Amino acid sequence: MNHIDQIAIAILNYNGLDLLKQFLPHVISNSPEGKIYIIDNGSSDDSIHWIKTHYPSIKIISLDKNFGYARGYNQGVQQIKESLICFLNNDVQVPENWLQPILMEFDSKPQISIAQPLILDYKKPKYFEYAGAGGGYLDFFGFPYCRGRIFNRLEKITSIDRATRSIFWASGACFFVKKEVFEAMGGFDENFFCYQEEIDFCWRAKRYGYYTAAIGQSEVYHLGSGSAMTSARKVFYNHRNSLMMLFKNASLSDLIVILPSRLMMDFFIGIFYLIQFKLSRFKAIIRSHWSFFRNCSIVYNKRKNLKKYPYVKHFNELSILGIYIKEKLKTR
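Under the working numbering, the first residue of the sequence shown is numbered 1, with each subsequent residue one higher.
To be clear, the hints were calculated from the coordinates, so they are not data collected in a lab. Because the structure is a prediction, the values reported are computed rather than measured. All C-beta atoms in this analysis are idealised placements derived from N, C-alpha and C, irrespective of residue type, glycine included. Do not take every clue at face value.
[What the hints assert, rightly or not] In the DMTMM-like style, the derived pairs of lysine to aspartate or glutamate whose C-alpha atoms are separated by at most 25 Å in a straight line are:
(1) K65 x D45
(2) K156 x E82
(3) K81 x E33
(4) K59 x D254
(5) K126 x D107
[Said to hold, decoys possible] Label pairs and their calculated CB-CB ranges:
(6) P32 x P310: 37 to 47 Å
(7) A163 x S83: 20 to 30 Å
(8) M104 x N295: 37 to 47 Å
(9) P125 x M104: 16 to 26 Å
Sequences and hints are given; from them, build the entire structure.
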C-alpha cells in the first residue's frame with residue numbers, strides 16, 4: 001500500500017462529549033494523512049451537535065442506538081471507502097507523526113494485515129497502558145495478556161520495544177486493519193457486543209493466514225478507565241466472551257483440556273469475589289456462564305464454518321501466573 005491518503009480513522013462514540021473535546025483536536029491536527037470518521041452509537045448527549053459546530057468537515061456516521069463496539073464498527077465500516085482503517089478509542093491522544101511509521105510498515109511489509117502502535121499510559125507516558133500495551137498474546141488457558149503488562153503491573157518502555165514484531169492480537173484501543181481483510185473476515189463477531197472482539201478477530205484472521213504486528217516506532221497515549229477494569233459489566237463480558245472465543249477457535253484436543261479448566265477457574269474467581277462481598281461481580285460470572293451455554297449452538301455454527309482452516313496454536317506460555325513468576329525471578 002502506498003497511498004497515504006487512503007487511511008480512515010474511525011472513532012466510535014457513545015455519549016463521549018467530554019472525551020471528544022479533550023482528544024479529538026489532537027487527532028485532527030496530528031493526523032493529516034487520514035480521513036476522520038465519527039461513528040456515533042445513538043448518543044443522547046450533545047456529541048453530534050458539538051462536532052458539527054466545531055468540525056463540520058468531519059464525516060459523521062449516525063447509528064440509531066448503542067450497538068456496542070463490534071456491531072457499531074461493523075456498520076460504520078460499510079460507509080468507509082479507504083483501504084486502511086484505524087479503529088481508535090475516543091480516549092486516546094495521538095502525537096505528531098504517529099501515522100507515518102504505521103504507513104511505512106504497511107508499505108514495506110505487505111504481509112502485515114493487522115497492527116497496533118505501542119499503547120502507553122496517558123497519565124504516565126513512559127509506561128505501557130493496560131489495554132494493549134506492546135501487543136497481545138494468549139496463555140495456555142486462553143487468558144489474554146500483553147507485552148509490557150503482567151496482571152496489573154505495567155512496565156516502563158525501553159528501546160527494545162521499538163521493533164516491529166509479530167503478536168497474536170492487536171488492541172481495540174488503536175487497531176489498524178486493511179479493509180479488504182476486515183470484510184473478508186466478516187468484521188467483528190457481533191455476539192461479543194464489547195470486550196475481546198478484537199482478540200477473536202485476530203485469532204480468526206491468523207487462521208486464514210493474515211499477519212498481526214505491533215509497530216514499535218509509533219505510539220499513542222490511552223486514558224482508559226480504571227473503574228471499568230473491575231466493573232460487573234466488564235466481568236460479565238470478559239468471562240463470557242473469552243469462553244465463546246475459545247469454543248469457537250481452539251482445536252478440539254485443546255478445548256477438551258482448556259474449557260473445563262477455565263470453568264473451574266471461573267468458579268474459584270467467583271468464590272473469591274463472594275468472600276470479598278463483591279456480589280455484583282460474583283453474579284456477573286454466573287450470568288456469563290449462563291449466557292455462554294445459552295449461546296453455545298450459535299458459537300458452534302460459527303466454529304463449523306471455520307473448520308476447513310488450520311487451527312493456530314495460541315499457547316505462548318504455560319500461564320499468566322507462570323509468566324509472572326518468571327518475571328519475578330529475573331528481577332532477583
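Here is what the structure says about each hint:
Simply put, K65 and D45 have alpha-carbon atoms about 13 Å apart, close enough for the 25 Å limit, and the pair holds. Only pairs whose Cα atoms come within 25 Å are accepted, and K156 paired with E82 is rejected, the gap being roughly 35 Å. Note on K81 and E33: the hinted pairing holds, with a Cα-Cα distance of about 15 Å set against a maximum of 25 Å. For a cut-off of 25 Å, the pair hint linking K59 to D254 is broken: about 45 Å separates their Cα positions.
With a C-alpha separation of about 28 Å, the suggested pairing of K126 with D107 is violated against the 25 Å cut-off. The supplied range of 37 to 47 Å is met by P32 and P310, whose beta-carbon atoms lie about 41 Å from each other. About 26 Å separates the C-beta atoms of A163 and S83, a value consistent with the hinted range of 20 to 30 Å. For M104 and N295, the hinted distance range of 37 to 47 Å is satisfied, since their beta carbons lie about 41 Å from each other.
Distance hint check for P125 and M104: the Cβ-Cβ separation is about 23 Å, which falls inside the suggested range of 16 to 26 Å.
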